[in-house]
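**Student:** Position chain B relative to chain A; hints supplied.
Protein chains in written order, with the numbering used here: chain A, 1 to 113; chain B, 114 to 227.
No lab work stands behind these hints, which were simulated from the structure alone. Using N, Cα and C, we set each Cβ at its ideal position, and we do this for glycine too.
These stretches of chain A come out as covered by chain B in the derived footprint (C-beta under 8 Å, 3 or more residues): (1) 37-50; (2) 101-112.
Below, a list of computed lysine to aspartate or glutamate pairs in the DMTMM-like style, where the Cα atoms sit at most 25 Å apart: (3) B:153 / A:8; (4) B:154 / A:8; (5) A:68 / B:215; (6) B:132 / B:166.
Quick list of simulated restraints, FRET-style, between CB atoms: (7) A:82 / B:122: 19 to 29 Å; (8) A:56 / B:127: 44 to 54 Å; (9) B:116 / A:60: 14 to 24 Å; (10) B:127 / A:53: 43 to 53 Å; (11) A:83 / B:122: 14 to 24 Å; (12) A:61 / B:208: 23 to 33 Å; (13) B:174 / A:81: 36 to 46 Å; (14) A:3 / B:152: 16 to 26 Å; (15) B:122 / A:79: 32 to 42 Å.
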Amino acid sequence: GDSVTQMEGPVTLSEEAFLTINCTYTATGYPSLFWYVQYPGEGLQLLLKATKADDKGSNKGFEATYRKETTSFHLEKGSVQVSDSAVYFCALSDGAAGNKLTFGGGTRVLVKP
Amino acid sequence: DTAVSQTPKYLVTQMGNDKSIKCEQNLGHDTMYWYKQDSKKFLKIMFSYNNKELIINETVPNRFSPKSPDKAHLNLHINSLELGDSAVYFCASSHRTERNTEAFFGQGTRLTVV
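Pulled out of the complex, with its shape left as it was, chain A reads as follows:
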């Protein structure tokens, strides 16, 4: 079955540091890939997505590139802010199963001033 593996946290950074969260996946077919973010006490918000190989998703300074050859979708941001402190989830949807999302375990990021 489908699965998503992402690096365990917590990841603690100083403001303006570079952030990378690794994500790899296993899926049949050609899934779409997503990064969702969950701020404290809130629901999940879509951060970015990519629907085919070599697509780059970007939003709010975050980027991730769909790498089919390495089955990866790593999240990066060049200069984090305190407001980026949250839990980040990598997810895939293969479209065949009612568009259900299969999530990674989440990575907690804490940015200190």
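**Tutor:** Just chain B, lined up with the frame of chain A:
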């Protein structure tokens, strides 16, 4: 103008009780979902409905019964609550007809069984 809204936000109840969580979406989506987030933040699909028809039913105890009166609503009823049911339950919606479209999530319902 909340896109996906679920009620209540918090629910504290005793073991053995029956409770319901309600969800409504105003995005015009045809598919709705229930996800469960455990204490370690792990998220897993429970159910999915498309136009009031159940299309995904993961390995969930029979005590959990979803109901979709129309495509804008998906409720979750839980019978005989157990301590292990304590979690955050998220409702979500999407367009099934658009392959691999993203899902929109509600704010979650934190269920605590004591």
